[in-house]
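As a plain string of letters, each chain reads:
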Amino acid sequence: MERLKGEPRLAHRILIVDDEDDIREVAALSLETVAGWEVLTASSGAQGLARAAEFQPEAILLDVMMPGMDGPSTFRALRANPATAHIPVLLLTAKVQSNDQRRFADLGVEAVLFKPFDPLTLAAQMAAVLGWS
Amino acid sequence: MEPIAQPALDAAIQKLWEKFLPQMEERIATLERADAALAVDALTREQRSAANAAAHKLAGVLGSFGLTRGTILAREAEILYSGEPGTDPAAAAQLRAITAELRLLIAARKAS
Numbered sequence: 001m002e003r004l005k006g007e008p009r010l011a012h013r014i015l016i017v018d019d020e021d022d023i024r025e026v027a028a029l030s031l032e033t034v035a036g037w038e039v040l041t042a043s044s045g046a047q048g049l050a051r052a053a054e055f056q057p058e059a060i061l062l063d064v065m066m067p068g069m070d071g072p073s074t075f076r077a078l079r080a081n082p083a084t085a086h087i088p089v090l091l092l093t094a095k096v097q098s099n100d101q102r103r104f105a106d107l108g109v110e111a112v113l114f115k116p117f118d119p120l121t122l123a124a125q126m127a128a129v130l131g132w133s
Numbered sequence: 001m002e003p004i005a006q007p008a009l010d011a012a013i014q015k016l017w018e019k020f021l022p023q024m025e026e027r028i029a030t031l032e033r034a035d036a037a038l039a040v041d042a043l044t045r046e047q048r049s050a051a052n053a054a055a056h057k058l059a060g061v062l063g064s065f066g067l068t069r070g071t072i073l074a075r076e077a078e079i080l081y082s083g084e085p086g087t088d089p090a091a092a093a094q095l096r097a098i099t100a101e102l103r104l105l106i107a108a109r110k111a112s
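Which chain is which? The protein sequence lines are E and G, in order. Here our numbering is used: the first residue of the first sequence is 1, the next is one more, and so on. Here our numbering is used: the first residue of the second sequence is 1, the next is one more, and so on.
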């Protein structure tokens, strides 16, 4: 996804919350290098809540399966806090069973994205969901 | 940060692969330990849980490094270890074959 010189670009701010450091780093690399977005990361749900309130990202990419506070619990806590309730959340999961997908979609998140993701297209996938063109 | 083109992304992904390779290999080793225990009907609940988690993590990440087949195999292992593989004689052989292929795939990716 090569951009033309002089093409206007919005540097969206994203928070990635995932306990797996390899996933976190590949996703951050992807969003930073392919799309030029500003990325902050958190390695747990609790850290994600704090960083979301402080950093005020435009969207959060949130892992489902994490020890302690998992993705759905983190999402509910984000929605319960007025400082973060407005931030769109995209769940990221390696679960592909349809009952899991329905359960996650029913939470009220913007979208459910699946692992493994393609580093080259992750940003475009997120942008499409979020209406960022 | 200025966006970069695919060759630069590929190079950066390769660096991350090298960084996380020991983690991938440790997950394979976890599967191998569980497979070995299963073969002698000595798989503990902890080993099964660790193998299930290792397979889940591999399934979630291998495809992002271009190993789509690795994700498919790891997902099969995750499903088998989420049940009671000790009660199915065919499952032990299947899991050994899956883990062996995963190790080969990772070794081949390492060498590329």
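In short, the hints are calculated from the structure, not lab data. None of these values were measured; they are calculated from a predicted model. Yeah, the Cβ is synthetic: ideal placement off N, Cα and C, and Gly gets one too. Warning: the hint list may mix true and false statements.
Derived DEER-like restraints, expressed as beta-carbon distance ranges [claimed, not checked]: (1) G:A97 to E:L130: 20 to 26 Å; (2) E:Q56 to G:Q14: 31 to 37 Å; (3) E:A77 to G:A90: 22 to 28 Å; (4) G:D10 to E:D21: 44 to 50 Å; (5) E:Q101 to G:I72: 16 to 22 Å; (6) G:A39 to E:A53: 47 to 53 Å; (7) G:T87 to E:A77: 25 to 31 Å.
Item checked: Pairwise beta carbon distance, A39 (chain G) to A53 (chain E), judged against the given window 47 to 53 Å -> Taking Cβ atoms as reference, A39 (chain G) and A53 (chain E) lie about 50 Å apart, which means the hint holds.
Item checked: Range agreement (Cβ of A90 (chain G) with Cβ of A77 (chain E), hint 22 to 28 Å) -> 44 Å, violated
Notebook entry, point to check: Does 20 to 26 Å hold as the CB distance between A97 (chain G) and L130 (chain E), or does it fail?
Noted result: For L130 (chain E) against A97 (chain G), whose Cβ atoms are near 42 Å apart, the range 20 to 26 Å is violated.
Notebook entry, point to check: Does 44 to 50 Å hold as the CB distance between D10 (chain G) and D21 (chain E), or does it fail?
Noted result: 20 Å, violated
Note to self: I want to verify a distance hint. Is the separation of the beta carbons of Q56 (chain E) and Q14 (chain G) within 31 to 37 Å?
What the structure shows: 34 Å, holds
Checklist line | C-beta pair Q101 (chain E), I72 (chain G): status relative to the range 16 to 22 Å that was hinted | finding: 18 Å, holds
Notebook entry, point to check: How does the Cβ-Cβ distance of T87 (chain G) and A77 (chain E) compare with 25 to 31 Å: does it lie in that range?
Noted result: 39 Å, violated
Hint check: violations occur at hints 1, 3, 4, 7; the rest are consistent with the structure.
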